[in-house]
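Novice: Got chain W sorted already, so can you dock chain E onto it with the hints?
Chains W and E are the protein sequences, given in the same order. Be aware that the first sequence starts at 3, since it is given in my numbering, and climbs by one per residue. Be aware that the second sequence starts at 5, since it is given in my numbering, and climbs by one per residue.
Worth flagging that the hints you see were computed from the coordinates, not collected in a lab. Where hints are given, some of them may not hold.
In the DSS-like style, the derived pairs of lysine-lysine whose C-alpha atoms are separated by at most 30 Å in a straight line are [as the list claims (entries may be wrong)]:
no., chain 1, residue 1, chain 2, residue 2
1, E, K250, W, K319
2, E, K28, W, K300
3, W, K327, E, K250
4, E, K205, W, K21
5, E, K250, W, K292
6, W, K20, W, K171
7, E, K250, E, K6
8, W, K171, W, K217
9, W, K264, E, K261
10, W, K292, W, K171
11, W, K264, W, K285
12, E, K197, W, K264
13, E, K250, W, K285
14, W, K16, W, K327
15, E, K250, W, K300
16, W, K217, E, K250
17, E, K6, W, K292
18, E, K6, E, K54
19, E, K28, W, K163
Residues per chain, in single letters:
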Amino acid sequence: MAGALWCVVEDDRKGMPKKVMAEVIGEAARLGGPVEAVWLTDKATDEGLQQLAAWGAGKVWLLENAGLAPYRGEVWVSPVAELAATASPRAILAPVTSRQREFMARLAARLGVGLSADSVGLALNGDALVATRPVYAGKLLSKVTWARQPWMATLRPNVFKPADAQAGKSAQVERPSLTIPAAQMTFVERREEASTGLPELTEAEIVLSGGRGMKGPENYVILEELGGVIGAAVGASRAAVDAGWRPHRFQIGQTGRTISPKLYMGFGVSGAIQHLAGMRTSKVIVAVNKDPEAPIFKIADYGIVADLFEVVPELTKEFKRLLEK
Amino acid sequence: MKILVMVKQVPDTATQVKIGSDGKQIDTTGITWIVSPYDEFAVEEALRIKEKRGQGEVVAVSLGPDRAKEALRSTLAMGCDRAIHVNDPALAAADTLTAARALAAVVKQEAPQLVLCGRQAIDDDMGAVGVQLAEVLGWPCASWIMEEVVDADAKSVRVGRQVEGGLEVFELPLPAVLSAQKGMNEPRYPTLKGIMGAKKKEIKDVKAADLGLASTTSELSVTALEALPPRPPGRVIPGETKDAVKELVRALREDAKAI
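Pulled out of the complex, with its shape left as it was, chain W reads as follows:
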């Protein structure tokens, strides 16, 4: 029998898998399965295990150990490599998150196999897997293939079709006995960002982005207000970040975050090539800019040529009105 497709679980650090796992598991099933989840955590929950089963994981390899939190790549890599040596999965997939990106690269090096990072498409071609991944920050697409199994890939969020959760499904839970090595690096502290209460940029289904047209840091509050109404993350262009208006973690584009939300709305964003590279795979693009010649209008599905300071409050008002109905 062909080896399984492993899905490495990204969780909320409180015992629940993140929603993006529905996309990874859905894609693994589409590639033919069998689908197995590999979950490294210090504490899993029954709800979390049920959630993975409901999405379609037939088996969960549960690696539950206090030494696995907080994430350290050098620790995680050993038990998973040990397990892979005996279970021989044919693929290992994970979503793109800060820790999975690092972990999967480290694991690929340990296993001596290739890694396709930030993939946006996976397709079987006979006995081979071909991944599609944006390069040059999305200016081109690259097709890549592996010399051997397991095929390892990280998957960009919001691109792959999520599995529908089906209640009543169950997964076989295996708790393999594996060696968790002592860590060389030690955890000191976690500093939480002041929460905006809005979703994380790379995970959000709706992203609002403010560019140079925002005129200053104090004006982002109007985007945050709109974001609060429709559940959107608020990002910024490089021009706005370099001007010091927003911290770099909010930057969208070639030297910031690459995003693929269902809806991207740019306000006062001109559409420099390196910004477009970071958001052009968004499903629907809206541009609001005073300048009708702004390059962003060339890739926008909907555009309004107007002052963002008039448009944003109107949008907030209109969405509020609809939500109250």
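Specialist: Just chain E, lined up with the frame of chain W:
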């Protein structure tokens, strides 16, 4: 303290890249080449560590064709002491793991206490070489770091790594690999004196054979490059702002079903 900085030469962010005649690589005609921006943060941080300690050596390392020398030269102009250029056609199609193995061989020969690199090169955007280098060496690694403090004895480093929703602070024993995230510093511009001085600094050429690599075969290979599918034509919604906004919201909900 000796620090190695890994740098890669990439097309400038403003460059419109085109597919080359073999369909697998970009057409390099007319491209302006730069040091990958994240690698510049790594170079800057390495120089600051050396300056703060008042002694040490910063060595820039690059894997790439002949033109990569320009990238190394600009790191020397910024202040790196010398450079190593892994320049071998056998490594031209190296994947991240092959590159990591080659760079690890350089690290073993140089035996630094710290290796710095950028979080990813902005050409293939894999973001894998730094951590794979650490794995090959058996060293700890912290990726996407925003800050670092090396202790007085150069025995450990405390770093803050950017994660979703915050910063995680770790202490790593040295030697270790760190990858720099944007925002950790503001890279300096080379001074005229720096640029003149760089011409006299050593760039050592290294071949795959010098590194004793068992194999240079890639585990992952590019089969094709493709242009992005064109986006469907859009429409500009005319009218007074208030009406245009109403129509936009209607279209987003009813036509595009985006919200």
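Novice: Now, for every hint given, state plainly whether the structure supports it.
Specialist: Hints, verified against the model:
no. : hint               : in the structure
1   : K250(E) to K319(W) : holds (10 Å)
2   : K28(E) to K300(W)  : holds (27 Å)
3   : K327(W) to K250(E) : holds (15 Å)
4   : K205(E) to K21(W)  : violated (52 Å)
5   : K250(E) to K292(W) : holds (18 Å)
6   : K20(W) to K171(W)  : holds (18 Å)
7   : K250(E) to K6(E)   : violated (62 Å)
8   : K171(W) to K217(W) : violated (52 Å)
9   : K264(W) to K261(E) : holds (9 Å)
10  : K292(W) to K171(W) : violated (53 Å)
11  : K264(W) to K285(W) : holds (5 Å)
12  : K197(E) to K264(W) : violated (51 Å)
13  : K250(E) to K285(W) : holds (21 Å)
14  : K16(W) to K327(W)  : violated (35 Å)
15  : K250(E) to K300(W) : holds (22 Å)
16  : K217(W) to K250(E) : holds (25 Å)
17  : K6(E) to K292(W)   : violated (52 Å)
18  : K6(E) to K54(E)    : holds (8 Å)
19  : K28(E) to K163(W)  : holds (28 Å)
The structure does not agree with the numbered hints 4, 7, 8, 10, 12, 14, 17 stated previously, though it agrees with the rest.
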